[in-house]
Every structure is written in structure tokens, then in C-alpha cells.
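Enquirer: We have chain A already, so just place chain B with the ligands on it with the hints.
Here the protein sequences come in this chain order: A and B.
Using UniProt numbering, you'd call the opening residue of the first sequence number 1 and step up by one each time.
Using UniProt numbering, you'd call the opening residue of the second sequence number 1 and step up by one each time.
Bear in mind the hints are in silico, worked out from the structure with no lab data behind them.
Just to be clear, a hint being listed does not mean it is correct.
Ranges between beta-carbon positions, derived for each pair [as the list claims (entries may be wrong)]:
| # | chain 1 | residue 1 | chain 2 | residue 2 | range |
| --- | --- | --- | --- | --- | --- |
| 1 | A | Arg315 | B | Asp15 | 41 to 47 Å |
| 2 | B | Glu39 | A | Phe85 | 22 to 28 Å |
| 3 | A | Glu205 | B | Arg104 | 45 to 51 Å |
| 4 | A | Asp188 | B | Glu39 | 22 to 28 Å |
| 5 | A | Leu323 | B | Asn20 | 40 to 46 Å |
| 6 | B | Gly11 | A | Glu135 | 27 to 33 Å |
| 7 | A | Trp60 | B | Glu39 | 22 to 28 Å |
| 8 | B | Glu39 | A | Gly217 | 25 to 31 Å |
Backbone N, C-alpha and C define an ideal beta-carbon position, used for all residues, glycine too.
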Amino acid sequence: MTTPIETDVVIIGAGPVGLFAVFELGLYDLKCHLIDILDRPGGQCAELYPEKPIYDIPAWPEISGQALTDRLMEQIAPFSPQFHFNRMVAGFRKLDNGRFEVETDEGELFHAHAVVIAAGGGSFQPKRPPVPGIEAYEGSSVFYSVRRMEEFRDKDLLIVGGGDSALDWTLNLQPVAKSVTLVHRRPDFRAAPDSVNKMFAMREEGKINFEVGQVTGLKGANGQLEAATIKGPDGEVEIACNRMLPFFGLTMKLGPIADWGLNLNENLITVDTEKFETSIPGVFAIGDINWYPGKLKLILSGFHEAALMTQAVKRIAHPDQKLVFQYTTSSTSLQKKLGVQ
Amino acid sequence: MTKITLVAFDGTRFDVDAENGSTVMENAVRNSVPGIEAECGGACACATCHVHVDEQWAETVGAPEPMEEDMLDFAFDVRPTSRLSCQIKVRDDLEGLVVHVPERQA
Ligand SMILES: Cc1cc2nc3c(=O)[nH]c(=O)nc-3n(C[C@H](O)[C@H](O)[C@H](O)COP(=O)(O)OP(=O)(O)OC[C@H]3O[C@@H](n4cnc5c(N)ncnc54)[C@H](O)[C@@H]3O)c2cc1C
Ligand code: FES
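Looking at chain A on its own, in the form it has when it is part of the complex (with noise of 0.2 Å):
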């Protein structure tokens, strides 16, 4: 059996706002651990935009999405947050005690008084591609990573999209499968300039084949892939496979937090403007997940519900102490947690 990690506060999502939480709860001596499916901190600032500049960021005119991930990880330094980076948070239940407990993936159990959503857009996945019926071949024929390569011996794997996963997986699994062809819109690719030589190179020697053109058909029964159709610049073709690997890179989807018995609105956490509290007491969701009247995705709106948030979170962790408040500026107590005493 796994020990559970025994904490203040889950934070699941470390994009800016679950970030800036840190800092908030960190005032209020309560420790966090932070639970991310990517594999490092930043959410969409760091996975979609991370040299595009934001310039709605108060007392930065101009700070770029990498920029603003390192100026919150230098913040949020001073209070130790623990990151737990390429696990997608899953189970949850209310502990007899009151507290929480929270599962991710691997079956690792954290305990805390409180959760914090900051999940954002959701957590990112793999993109399913807009081929009929690809549904029914999910996870027999169809695989959106290699968890295994033993899944692809002697297999006839096609593999698609210009990518690097996609350029390092033909490269990767041509000795292991029995066949592998490549499929891409084009003859040109966004992987690094030497995997698509080695894979050129390859083709010359007659070992993997490439096809220009994309995936409008899958054939095949039971979930078992027996066929692709691909239609190219000069028509359609169909090319014999058993196993696919189709790379198109990454959505964001709310995820398995959908089944916790949340009240949601269009896949959005129902919070109140008070506390950014869920319809679970004890859970609390801010940034682009949640949802109110007038709710603007924004950064900076993000960071207000997280200073408030943590007002709630400091009254159910610590229900005996008196709530002061105080500025960083002035008060000595902030101060000396800062590190700047």
C-alpha cells in the first residue's frame, strides 16, 4: 500500500494561478503540493505561448508566458512548494478525519484539509484526429503514446503526424514492428532537421515507407485495425496495419474531475465570488476552470480568487487561529516567511 503524502493543500494544476496560490497559502504557513500532467510548471503560458509577450499583467508592461512561469517559481520559492509534474490527478473522496484525499494516476494518495482546482483549460491530452469512427479502435489498435514498445512487435504500425513523437517513434519502432509507415499532410515536418534525415535515409533503404497525405478512413472489425485510407495528392490510397499511432499533438480536457460530483456549467466548477469555493465545502477552484457571473479568463483574475481562496482555506486548516490581516510590506511576520528578514 502507498503511505499517503500529508500536506495543508492539493493544488492540482501548477499553471499561473495554481503558481500564484502557492504564494497566497504560503503567507498563511500552509504547505502545498502541486499535481501537473505536464512536465513542468506553467500551464498554458508555458505550453502554448511561452515567448508570445502578455501585456495585461499589472506592474508588467511586457512579460512573455515563459518570463512570468520563472518570475512565480522565483516568488513562490521561499515556501518549498512540492511539484509532482507528469500526473494527471484522478480519485478523490472526503476522508472520515474531514480531510481529503486525492489520487493521481501512478496511485500516488495525498491528504490535505483542503483542494485547490487550478486546472485551467483542463488537463492536456492527446488530440484525437477527426477520422470517422477512430473511437471504436481506441486503446486496441489505436494508441496515442508508447507506454510499451513490446505493443508494436511485429506489428504493421502506421504512424501520423510531422512531429517529434512522431518522427522519433518511426525511428524508434521500425526494429521492432513488422512494417511502419509514416503518414504526414507534407513533405516537410516540425521535427528536429536530423530525425527527419534519419528517417529519409531509412525510406531509401527500403525499411519504413512514407506516405504524403492524411487519414480519412480506418477499416476494420471489433476494434481490430485492418486497414487505413489515405488520401494523398494524387488520390487515395489503402495501406494494410494493425496498430496506429496517430500524433496530433495536444488539447485540453477537463478530465476525470468531471466525475467527482461537482456542480459544473459547461465543464466549468460552479464557485462562489466569496470564496471560490465549489459545491463540495472544502474544495475550491480558481483560475480558468471555474466558472461565476462575470467570470473573466484572465490571469489576473486568477490571482484575486486565489488571495481569497486562501482566506477560506486558512479558516478550515487552522479554525482556532484568528485571521489577521496584513501587508507584505509592513509586516514583519510576512517578512520573516519570505526570507527577506
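Expert: Then chain B with the ligands, alone, in the frame of chain A:
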């Protein structure tokens, strides 16, 4: 102002007076043209604002930049005249432009 036309997948035509400098995507969203999702708000980061430029207009509109071409890999039913509408800026010589919204965004 430049007149442009967005044709939804069901054939409904949206004739719009577009401001020069605005993007075709912005005009689609402002006029609630169905089928333009524009999840990333025009950052060329989502490919959910994909349109097929009318054949007659393809040349005037021009080809996508490499970054847009990369993003188009994530779109559905990409054709030689495919563009991301957030990357097409309205300008005088696009008077009368026609773009078609595909069946679905990815
Ligand atoms: C191109 C673009 C430009 C933008 N420009 C601006 C701007 O100029 N100004 C502005 O204020 N805002 C802007 N935004 C919006 C801004 O990025 C968002 O408001 C902000 O990122 C929301 O932060 P968040 O922390 O709530 O969520 P996110 O940044 O979405 O982070 C949420 C994190 O939670 C993780 N997660 C979700 N569910 C799970 C789960 N079950 N398990 C594990 N991890 C999970 C996700 O992987 C993600 O990393 C822009 C957005 C985009 C896409
Ligand atoms: S709106 Fe996202 S790419 Fe155009």
C-alpha cells in the same frame, strides 16, 4: 472597411464589413460564424480557426508562414488553400474575399 464573406459549412453566408488590420478570425467570432472555434484567441497555437480560402482568392491571400503551416498539421481536411483565419489580416486588396469554414475543427 473591407467587405468579406465567410461561408459556414451548411452554406450560410456571412457578409461582414471588416476593419482593415483585423483578422478574418476576429470577424468570424464577432459575427458568430459557426465552426470557427479559435480556442487560443488568435495566437496561432490551436488550429481551430481553420478555413479554406476560396480558390479564386488563394493567390491574393497568399501562402501561410512556416509557423502557421506547422499548426495546420493539427487541422482536419487540410487543402492547398487552407489557412488559419487568425493569421489573415484584412486589407484593401481583399475586398470581396470569400473563405469557407470546413466541416469541423480538429
Ligand atoms: C495564446 C494565449 C494567449 C493568452 N494571453 C493572455 C493574456 O494576454 N492575458 C491573460 O490574462 N491571459 C491570457 N491567456 C489566458 C491565460 O493563459 C489563462 O488565463 C491562464 O493560463 C490560466 O491559468 P490557470 O493556472 O488557471 O490554468 P492553466 O494555465 O490552464 O494551467 C492548468 C494546469 O493544470 C493542469 N491540469 C488540469 N487538470 C489536471 C489533472 N486532472 N491532473 C493534472 N494536471 C491537470 C494542466 O495540465 C495545466 O498545466 C492566454 C491564453 C492563450 C492560450
Ligand atoms: S485562433 Fe488558434 S490558431 Fe487561430
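Enquirer: Enumerate the violated hints, using their earlier numbering and listing them in ascending order.
Expert: Structure breaks hints 1, 3 and 5.
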